[in-house]
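> Please construct the entire structure, taking both the sequences and the accompanying hints into account.
There are 2 protein chains.
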Amino acid sequence: MGEWGVIAALTGRMPAGPLTSVGIGDDAAVVRAPSGSVVAAVDLLLEGRHFRRDWSSAYDIGVKAAARSLADIAAMGAVNTALLVALAVPGELPASWPLALADGLAAEAARAGAGIVGGDTARADSVLLSVTALGDLAGRRPVLRSGGRPGDVIAVAGPLGRSAAGLALLSAGVTATSDALAGLVAAHRRPSPPYEAGPEAAGLGATAMIDVSDGLLADLGHIADASAVALDLDRASLDAGGPLGEAAAVLKETIYSSRTVPADSPPPTALDWVLTGGEDHSLVATFPATVQLPSRWRVIGQVRAVDYVNVASVGVTIDGAAHAGPGGWQHFR
Amino acid sequence: MGEWGVIAALTGRMPAGPLTSVGIGDDAAVVRAPSGSVVAAVDLLLEGRHFRRDWSSAYDIGVKAAARSLADIAAMGAVNTALLVALAVPGELPASWPLALADGLAAEAARAGAGIVGGDTARADSVLLSVTALGDLAGRRPVLRSGGRPGDVIAVAGPLGRSAAGLALLSAGVTATSDALAGLVAAHRRPSPPYEAGPEAAGLGATAMIDVSDGLLADLGHIADASAVALDLDRASLDAGGPLGEAAAVLKETIYSSRTVPADSPPPTALDWVLTGGEDHSLVATFPATVQLPSRWRVIGQVRAVDYVNVASVGVTIDGAAHAGPGGWQHFR
Numbered sequence: 000m001g002e003w004g005v006i007a008a009l010t011g012r013m014p015a016g017p018l019t020s021v022g023i024g025d026d027a028a029v030v031r032a033p034s035g036s037v038v039a040a041v042d043l044l045l046e047g048r049h050f051r052r053d054w055s056s057a058y059d060i061g062v063k064a065a066a067r068s069l070a071d072i073a074a075m076g077a078v079n080t081a082l083l084v085a086l087a088v089p090g091e092l093p094a095s096w097p098l099a100l101a102d103g104l105a106a107e108a109a110r111a112g113a114g115i116v117g118g119d120t121a122r123a124d125s126v127l128l129s130v131t132a133l134g135d136l137a138g139r140r141p142v143l144r145s146g147g148r149p150g151d152v153i154a155v156a157g158p159l160g161r162s163a164a165g166l167a168l169l170s171a172g173v174t175a176t177s178d179a180l181a182g183l184v185a186a187h188r189r190p191s192p193p194y195e196a197g198p199e200a201a202g203l204g205a206t207a208m209i210d211v212s213d214g215l216l217a218d219l220g221h222i223a224d225a226s227a228v229a230l231d232l233d234r235a236s237l238d239a240g241g242p243l244g245e246a247a248a249v250l251k252e253t254i255y256s257s258r259t260v261p262a263d264s265p266p267p268t269a270l271d272w273v274l275t276g277g278e279d280h281s282l283v284a285t286f287p288a289t290v291q292l293p294s295r296w297r298v299i300g301q302v303r304a305v306d307y308v309n310v311a312s313v314g315v316t317i318d319g320a321a322h323a324g325p326g327g328w329q330h331f332r
Numbered sequence: 000m001g002e003w004g005v006i007a008a009l010t011g012r013m014p015a016g017p018l019t020s021v022g023i024g025d026d027a028a029v030v031r032a033p034s035g036s037v038v039a040a041v042d043l044l045l046e047g048r049h050f051r052r053d054w055s056s057a058y059d060i061g062v063k064a065a066a067r068s069l070a071d072i073a074a075m076g077a078v079n080t081a082l083l084v085a086l087a088v089p090g091e092l093p094a095s096w097p098l099a100l101a102d103g104l105a106a107e108a109a110r111a112g113a114g115i116v117g118g119d120t121a122r123a124d125s126v127l128l129s130v131t132a133l134g135d136l137a138g139r140r141p142v143l144r145s146g147g148r149p150g151d152v153i154a155v156a157g158p159l160g161r162s163a164a165g166l167a168l169l170s171a172g173v174t175a176t177s178d179a180l181a182g183l184v185a186a187h188r189r190p191s192p193p194y195e196a197g198p199e200a201a202g203l204g205a206t207a208m209i210d211v212s213d214g215l216l217a218d219l220g221h222i223a224d225a226s227a228v229a230l231d232l233d234r235a236s237l238d239a240g241g242p243l244g245e246a247a248a249v250l251k252e253t254i255y256s257s258r259t260v261p262a263d264s265p266p267p268t269a270l271d272w273v274l275t276g277g278e279d280h281s282l283v284a285t286f287p288a289t290v291q292l293p294s295r296w297r298v299i300g301q302v303r304a305v306d307y308v309n310v311a312s313v314g315v316t317i318d319g320a321a322h323a324g325p326g327g328w329q330h331f332r
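Protein sequences appear in the order of chains E and C. Residues in the first sequence are numbered consecutively from 0, following numbering that gives the first Met the number 0. Residues in the second sequence are numbered consecutively from 0, following numbering that gives the first Met the number 0.
It should be emphasised that the hints constitute simulated quantities derived from the structure, not laboratory data. Heads up, the beta-carbon is just placed ideally off N, CA and C, and yes, glycines get one too. Each statement offered as a hint is correct.
Footprint (simulated), chain E over chain C, 3 or more residues, beta carbon under 8 Å:
(1) 38-50
(2) 84-98
(3) 132-139
Listed below in structure tokens is the structure:
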């Protein structure tokens with residue numbers, strides 16, 4: 000299969016969506032924007048930095064790349080309509096690799112209701128992907144990071160810390176010996192954001208929303224900054240047991256029984272993953288306290304006015320106190 | 000300046016546009032789409048493949064990256080509204096480099112009427128850019144590649160072959176000793192597509208349109224295929240003299256007087272550049288013969304019915320005959 004054949008095959012595996020007027024194959028795509036505006040976000044994924052080909056299959060990487068951008072659209076309260084994918088792969092990869100990646104992209108796009116409408120391809124020394132997602136607000140106002148108000152509750156839809164725990168298991172070379180641990184590794188490889196919770200939150204009157212891509216503390220920090228409020232989490236509401244606790248125990252044992260991890264680095268705790276693990280792409284939002292939240296939204300804290308006299312209360316706190324542990328993952332660290 | 004400082008500075012250099020409702024800084028941007036649909040295209044630019052940092056400044060590369068995607072939107076007959084930019088740069092580059100690149104992106108986006116509304120950044124071993132452009136059709140139908148009809152004329156807006164000639168001069172290490180040659184090098188570094196000619200063509204009733212990114216023959220080949228027509232160019236209408244002729248003469252002399260180019264490769268001709276040079280991002284379109292074309296549209300040929308009995312007439316021909324020279328540049332060659 001020649002290179003043009005690969006492109007043709009890729010195109011065949013990336014179906015248009017219900018709002019696609021002109022799909023892949025012309026200079027540009029045309030996508031319906033029924034509410035008269037379009038929501039758009041782009042994310043870059045680089046091999047070695049955002050994924051490893053020996054830890055994730057091509058299909059997994061396609062799912063993950065799509066999920067990352069699709070979650071951004073959902074976090075505005077919008078419904079996903081379309082993806083555009085720029086992809087570069089090394090020439091030595093078999094044609095089956097980009098095709099499996101396309102299948103992963105297409106499957107996750109379809110789960111969010113989006114078609115794949117455009118793309119570009121090139122050769123590079125390592126795999127790189129740039130995924131642009133487009134969405135429609137269906138007449139709603141976008142839910143920004145800046146609308147949180149004192150008195151609101153903080154609620155999350157989707158899991159926290161599972162992707163980070165799965166990554167920690169992969170990094171330590173731990174074989175997942177139980178369904179619970181295997182589920183964490185799968186959550187790292189194929190995140191499954193609750194896309195439909197985004198428009199749902201907008202409809203319920205969410206005042207601010209973000210997707211958890213860099214860690215709960217870091218992403219809530221963006222809401223705190225943009226909204227000029229303080230956010231206080233209830234420690235008891237943060238579920239850091241179950242599979243996360245099991246993974247932490249296994250990793251602790253690994254650290255003390257082998258040399259695969261430096262013995263002087265403290266073992267991660269389940270709470271660390273919940274607070275600082277990104278890439279689950281769950282949605283966290285603030286709502287007026289009077290809103291009746293559907294069961295998938297779990298209240299985890301409250302929005303408070305900033306108390307500039309008490310510096311420890313500024314930003315994101317836990318049970319009213321600053322968090323002493325790691326503060327979340329940052330790009331460009 | 001730390002990495003977050005660079006991102007903040009980048010953001011400050013990428014202004015929103017007139018149709019930007021929510022710009023850089025939230026999970027996603029919101030851009031108005033007044034006609035109820037959005038036109039979207041993405042292009043990938045990789046260092047070493049699409050540009051060289053020793054031949055182009057950061058500002059030039061920004062202009063070029065923006066132009067490439069903006070031209071795709073114009074080629075649909077749409078007005079550009081927004082760009083989203085994913086950018087990775089090596090850590091050793093000074094902060095001034097991505098900032099100058101942002102200035103180039105912003106300047107070219109502004110020339111097309113678009114704002115820069117979103118982005119993502121990362122580190123990589125070499126520079127890579129993915130630019131997504133969004134546009135609005137203002138109520139017009141998109142001009143596809145598939146609408147060319149026998150009897151239409153073929154017309155082009157913008158120059159042909161200038162970027163390729165400039166690249167040939169740079170590749171051969173020829174110093175531009177005249178304004179004409181310097182103009183070709185500048186055309187390679189900073190293409191200047193005639194964006195407004197795209198919506199103009201749509202308004203005039205263009206039946207098919209494409210931007211010349213891979214070469215006139217290759218790109219007209221896409222129209223011929225999609226429209227199931229034959230396209231015949233008038234050799235006399237293709238301006239292969241002037242600066243292009245001067246560049247060809249200088250290069251021929253260089254080839255025979257030095258070893259910088261293998262002596263057995265034939266020197267390029269000006270016509271080769273006109274027919275196969277990409278990256279000028281001029282617009283080529285087919286129009287009903289009755290349309291009065293504004294002066295920037297130069298008629299260069301006619302659309303004919305496919306004559307399946309005469310294989311030499313199929314595809315794109317020149318004065319009725321198949322072109323014997325190189326057939327245009329292809330990605331993934």
